[in-house]
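Asker: The opening position of the sequence shown corresponds to residue 1378 in the numbering used here, with each subsequent residue numbered one higher.
In case anyone wonders, no lab produced these hints; they're calculated from the structure. Cβ atoms here follow ideal geometry from the backbone N, Cα and C, with glycine treated the same way. There are no misleading hints in this set.
The calculated DSS-like cross-link candidates involving lysine-lysine, where the alpha carbons are at most 30 Å apart (straight line), are:
#1 Lys1442 <-> Lys1458
#2 Lys1455 <-> Lys1502
#3 Lys1447 <-> Lys1458
#4 Lys1462 <-> Lys1447
#5 Lys1443 <-> Lys1458
#6 Lys1440 <-> Lys1455
#7 Lys1440 <-> Lys1462
#8 Lys1503 <-> Lys1462
#9 Lys1458 <-> Lys1502
#10 Lys1503 <-> Lys1455
#11 Lys1443 <-> Lys1455
#12 Lys1455 <-> Lys1442
#13 Lys1502 <-> Lys1462
#14 Lys1503 <-> Lys1440
#15 Lys1440 <-> Lys1458
#16 Lys1503 <-> Lys1458
#17 Lys1462 <-> Lys1442
#18 Lys1440 <-> Lys1502
Now the in silico label distances, taken between C-beta atoms and shown as ranges:
#19 Val1391 <-> Ile1445: 13 to 23 Å
#20 Ile1472 <-> Val1427: 17 to 27 Å
#21 Lys1447 <-> Leu1526: 33 to 43 Å
#22 Gly1439 <-> Val1405: 31 to 41 Å
#23 Gly1446 <-> Ile1415: 34 to 44 Å
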Amino acid sequence: MFKKYLIMFLISMVPIVELRGAIPYAAVFGIPTFRALIICMIGNMLPVPVIYWFARRVLMWGKDKKYIGKFFTWCIQKGEKGGQKLLEKTGGVYIALMLFVGVPLPGTGAWTGTLAASFLDLDWKKSALAVMGGVVLAGLIVGVVSYGLLGAIAALF
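Just need the whole structure built from these sequences, with the hints factored in.
Answerer: Right, here's the structure in full:
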């Protein structure tokens, strides 16, 4: 059972997939809902400080390199695009950041939101709290869909 928990935790740390993939994994393997949500949320938040403080520097350094330049440039563009979306939202940039991270769609998770906050030079503490709120929101939405849908399918059989 520890192996399933570890895999779920690691999946929640992967960019793009994040807890949007880890929670359905947990539901498929019968991991209790509350445990899955807590572990996935912690795993999803763990990379946030590293992304905020170092990702932009590393990406800017690597954008001109021969083998990694295209990928790094893509990441920079993704962060800038996410930042522009945040600035266009109403209700305050931190609420927009929370909602951006909280909408469980590909490319709108903690990685992209934190990278956008870093590119916009937003306050670290407020950004981290907004991203955390978004992770909780996304976790709850994905949890309800995953456990509710899988529970309904299981009830049919």
